[in-house]
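Those sequence lines, one after another, are chains A and B. Numbering follows this note's numbering, in which position 71 of the first sequence is assigned residue number 71; successive positions increment by one, without gaps. Position in the second sequence counted from 1, then plus 1000, gives you this note's numbering.
Watch out, some of these pointers could steer you wrong.
Listed next, with one range per pair, are the computed distances between beta-carbon atoms [said to hold, decoys possible]: (1) A/A97 with B/S1073: 23 to 33 Å; (2) B/N1098 with A/E44: 20 to 30 Å; (3) A/T111 with B/M1040: 15 to 25 Å; (4) B/D1063 with A/D18: 40 to 50 Å; (5) B/M1039 with A/Q83: 37 to 47 Å; (6) A/D18 with B/S1066: 45 to 55 Å.
Hints in this document: simulated from the structure, not taken from any laboratory. Where is the CB? At the ideal position from N, CA and C, for every residue including glycine.
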Amino acid sequence: AQKVTQAQTEISVVEKEDVTLDCVYETRDTTYYLFWYKQPPSGELVFLIRRNSFDEQNEISGRYSWNFQKSTSSFNFTITASQVVDSAVYFCALSEASDYKLSFGAGTTVTVRA
Amino acid sequence: DAGVIQSPRHEVTEMGQEVTLRCKPISGHDYLFWYRQTMMRGLELLIYFNNNVPIDDSGMPEDRFSAKMPNASFSTLKIQPSEPRDSAVYFCASKDKNQPQHFGDGTRLSIL
């Protein structure tokens, strides 16, 4: 069975600080996908990134960056120079290539204070 | 292109009543998923369809829950009879084979 662990329940930072969200996963499949979704206070789920298991290149998109390390089964997410609008719950998720079902972590609530 | 559309956005009803949640997936997407979000259990998959056919309903909590997809542009999730423990946010998501899942805004359901 696949499993996603987000050990950090809540993180609070002051604006402009960097924040890193940890995600550790378990799967027996060799082909799988990892995701990050954002859930702002308004409640919708917003797709941020997808990574497949064969692509360990780190990715940067604006102030967001992701570090994928198969050796430690981790897919961490960093927000650089955080802003108040980054306040949200962030979910890491995993799907195996065979069925596309998403298994979500418990989420990390990020609060950015002005 | 329009995103995944769910209705209603909010539903408040009394225990024992039938509840119907609706979802219109993104046009061209051939996978549709229903998720439930609660404080206790987080986000959990209830059921998903491929080409209108249910593929995996192992997450459906009990027989009171049923889901249908009569055509490629519409799906329903029904709860009959509803119970207070069914109160949650229900999300619908869709995807095509090569894309990630895109979620609707959710239906916030309260059973009194």
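Status of the hints after comparison with the structure:
| no. | hint | in the structure |
| --- | --- | --- |
| 1 | A/A97 with B/S1073: 23 to 33 Å | 27 Å, holds |
| 2 | B/N1098 with A/E44: 20 to 30 Å | 23 Å, holds |
| 3 | A/T111 with B/M1040: 15 to 25 Å | 22 Å, holds |
| 4 | B/D1063 with A/D18: 40 to 50 Å | 49 Å, holds |
| 5 | B/M1039 with A/Q83: 37 to 47 Å | 27 Å, violated |
| 6 | A/D18 with B/S1066: 45 to 55 Å | 47 Å, holds |
In this structure, the one hint that does not hold is number 5.
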